[in-house]
Amino acid sequence: MIAAQLRTLLWLRGRLLLNHTRRHGKASLVIYVVFQLIAAGCAVAALVTGYLLGRGPLAHQPPGAVLLTIVGVTAFYLLFALVGLLSDLQQSDALSLRRLLHLPMTARGAFLVNYAVTCLGLNTLVCGGAMLGLSLGLWLEVGTAAALLLPLSGAFFVMMTALVHQFRGWLASMVISPRRRQTLTVIVSGVFIVILMLPSAWVSLNKARRPEAVAQQSNAGAERVQREAGPDRHRRRMSAEDIFVLQARVRLATAILPPGWLAYGAASSMERRVVPALGCLSGMILIGLWSLGRSYRTTLRMYQGHFIATPDARATSPTPAPRRDHRERSWNWRFPVGLEPAAGVAAASFRILLRRPEMKLTLLVPLMMLVLFGGMARLREAAIGDYGGALRAMVGAAFMLLMSVLYLMTNQFAFDRAGFRAFVLAPLRRREVLLGKNLALFPFAAALMLLAVGFCHWLAPLRLDHLAAVCVNIVAIYLVNCMIGNALSIGLPVIVKTGTAMPGPGQTLRLVVRFLLTLASWLPLTLLLWPLALEFLLQLGGRTEVFPAFLVFSLLQTAGLLWLYHVILDQQGEWLLRTEQQILTIVATAAD
Amino acid sequence: MTLAIRTTALCRYFNEFRAVDRLELQVERGTFYGFLGPNGAGKSTTIKMLTGLLAASSGHARVLGLDILDSGEALEIKRRIGVVPEDLALFDHLTAREHLTFIGRMHLMPRDTIARRIDELLALLGLEQDERKLTLEYSHGMKKKLALAAALLPNPDLLFLDEPFEGVDAVTSRVIRDTLAGYVRRGSTVFLTSHVLEVVERLCTHVGIIAKGRLVVQSALDDIRRGGSLEQCFLEQVGADSDAAQTLSWLDETSS
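One line per chain: the protein sequences are A and B, in this order.
First residue of the first sequence: 1, per my numbering; consecutive thereafter.
First residue of the second sequence: 1001, per my numbering; consecutive thereafter.
The set of hints was computed from the structure by calculation and includes no laboratory data.
All of these numbers come straight from a predicted model, not from anything done at the bench.
Be a bit skeptical, because a hint or two may be false.
Covered stretches of chain B, as calculated for chain A (at least 3 residues, CB under 8 Å) [as the list claims (entries may be wrong)]:
1. 1046–1058
2. 1077–1086
3. 1090–1097
4. 1106–1120
Pairs of lysine-lysine residues, derived as DSBU-like cross-links and limited to a Cα-Cα distance of at most 35 Å, are as follows [to be verified]:
5. B:1133 with B:1143
6. B:1212 with A:26
7. A:360 with B:1143
8. A:26 with B:1143
9. B:1133 with B:1212
For each residue, glycine too, the CB sits at the ideal point set by N, CA and C.
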C-alpha cells in the first residue's frame, strides 16, 4: 500500500462525512463541528481526569475501587462501540470494500485503512485517554504495583479494536445482501436495547430480592450492631454489604469475561498478584492478534471476491415448481360485505409488513421490554384491586400500541414508498387504501395488546367480565389510533431513510409537531375509560349486581367508534385523494 | 494474435447453480467485444470475475496477459483496466468532481492531470452543470455517465462496461459511442455487455453470446452477419424461438 493511497482513503472518509453532514443543513454542520470539539475536549478531559484520579483519590483506595472504576470505563467503551456498529449498519455510504475492489489497491492497504478507521473511534479516544491518564497517575503515585496498568491498557485496546474490527468485517461480508443488512440492523438494535436495559433490570431485581439477601447474609453480631445503631446505621450497613456483594460479583465477571481482563488485571496488579495480571495481559494480546489475523483473512477473502450477494444467485437460479402454501393463501384473503379492494390492499400490506425488518424490530422491542420489566413487576407485585387491575390492563394495552406499531400507523405511506406509488396508480377509492392499511396492521397491534392484557391478567387475575371488556376495548383503542394515524399519515408524512426506520434530513419541525400530536392522542384514549369509571361509581353506590356496566358500555362504545371510523374514513379517503401527489413527493421523491 | 482476455474452463457456482460454466473466452486486443445474453445468462458474473470483483470457483482467466486469480498480478491488472460495474460503485455522498478526483488519486495520477481530465470528461458527458451535486441526487443515467467517466479517467488499456447504455439519453449515448469508438481505434480494447442488439451491431467488431452460463457463440460480427442478422443468430442460440410463439390467452378477446 502506497502512503498516497492511504492518504486518499482518509481524505475520502473525511469528505464523505463532511458531505453527509452538510446535506442535513447548516445547523447540522454546526452541530457536527461542535460535537467534534466536544469529543476532542472529552478526550483531553478524560486524560486529565484519569491522571488526577490516579494521582489523588484512587491511589489511596483499595484495589476494588480501581476495579470498579475500570469496569465503568470498559462499559462506556463497549456501549459506544455498539453504537458505532449500529451507525455503520445504518449508513449506506460506509467505507465499503465493495466500492474499492476494482481499484488498484492492495488487500493489506485496505485492511490497514479499515483498521485505522476502527481505532480512530470516539470511544477509543476517550476511553484510551482516560486509561492512559489513570495508568500514568497510578504508576507515579503507587509505584511498581501499578506498572502493569499501561501495558494492560494497551493490550485491552488492541484486543477490543481487533474484535470490533473483526466483527465489522463479518458484518460487511453479511450485509452485501440489502435484505440481510436490514435484518442484521434489527438484530444489532435488539441486542443494543437489551444491553441498555440490563443494568436497570439488574438493579430492580436486586431491590426486589434485597430482604431475602439480607436475611441470608446477616449474622447475629451484625443484627446486634444494627439494633444498637438504629435505622440509619441499618441503611449504612446495607449499603456496605451491597458494595461488597457488588464487588465480589463484578470481580468474578471480570475474571471470566475477556473485556473485563483489563479491570481484573489492574486490580490484581495493585494487589501485587503478578501472575493473574500477566495472565490477563497475555490473554488480551493473544486474542487481539488472533482477531487481527482473522479480520485480515476476511479482508483478503473480500478483496479476492469471495463474498457476493447470494440473492443474485437465487434470482438467476431455476425457479422451483409453484407450491400452494400459507403464504400464497394470504394473498387471497376474502372479506365479507363487498370489502374486496380493501382486502387486496390489506393482504399485500400485511405480506410487506411481515417481511420488513422495521416490523420485526417493532415487535421485538415491546416483547423484550415486557419480558425484562414484566419479570421485575411480578417480583414487586402489590395488590391493586379489581378496578386498578382493569385500568392497568387498559393502559398497558394502549401503551403497548404506542411503543410498537403506532410509529408505523402514523406514517403509513413512507415505510412502503413503492407500494404507495402502486396505490396512487390504482383505480381504488382512497378509503379502501386506508382501510386496507389499517386492517393489515391490526393483527400485529391486536396480538401485542392482547399480550399486554394477558400479562396484566397474569400479574393479578382480572374479573371475567373485566377481562372481556378490556379485550373489547382493544378494538376501541385500535380504532381511535387508526383515525389519528390516518390523519397524521396524510397531513404530516415524514421521509424515512431507505431500509431503516430513521427519519430523513431536515424534518425537525415536522417531527416535533408529530411528537406533540402523538402525545395529545392520549387525550381521546383516556375518554375510553368512562365505562370503567362508570362501573366503579356504580360499585361505590352498591349497584354492581345489576349488570356488568364496564363490559356493556365498552361494547356500545366500540360499536359507536366503528360507526365513527366508517364516517371519518370517507372524509380521510377524500383528503388522501386530494393530497396523495403531495405525499408521494414528500415520502418518495424526496427520499429517493 | 495478442489476447486482451483469455479464460480457460472458467466456472462460478452459487451453491448448486452454475452461473458461469466452463467459459472459454478469447478477446483480441484492439477489438470492441460485445458480450450478449438473456437475463441471468451469466454476463455480469463473468465481468465480475474478470475484474476481480468475484472469485472464480474454478478455471483460469488472464487479462492483459496477467493472471487475475493471482493477487499480485490482479493489482497490476486493476491499474490497467477501467470498469463500469453493474452497481456502478459510486459513493452517494461525493460530488462528481470529488468522486473522479478520488479515482484519479487511487490510480496515483498527478493532481494537474486529474483536474484537466476531469474538466474534459465532465464537459464531454454533459455533467458540468451538475458537478456540485451529490451523486445520490443524480438520475440513473447521470450516475451511469459518472461511472463511465471514472472508468475512462486513468486512460486504461481495457474497458469493462456492464450495460453502459442502459438509462442513458440519446445524445449522451451518441457521445459515448463516439468516445468508445475512438478509444478502440487507438488500439485499446472494450468489453461490454448489452441487451440492445442494435448498439452491439453498430459498435462491436466481435461478439460472444452466453446462454445459461455457457458460451454458445464467439465470432467476428462480420462472420455472424454472413449467416443472417445478429438478432436471428441471438434468438437461435439462446433458444428463444419456441418462447416467441407463445401468446397471452386473453389478448384476442375484446377488451372489457
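We went through each hint and held it up to the structure:
1. 1046–1058: holds (count 7)
2. 1077–1086: holds (count 5)
3. 1090–1097: holds (count 6)
4. 1106–1120: With 3 residues closer than 8 Å to chain A, the stretch 1106–1120 of chain B meets the three-residue bar; holds.
5. B:1133 with B:1143: Distance of about 11 Å is within 35 Å: holds.
6. B:1212 with A:26: 52 Å, violated
7. A:360 with B:1143: 33 Å, holds
8. A:26 with B:1143: Holds, because 26 Å separates the two Cα atoms, which is no more than 35 Å.
9. B:1133 with B:1212: Given that 35 Å is the threshold and the Cα spacing comes to 40 Å, the pair is violated.
Against the hints set out earlier in the document, violations occur for numbers 6, 9.
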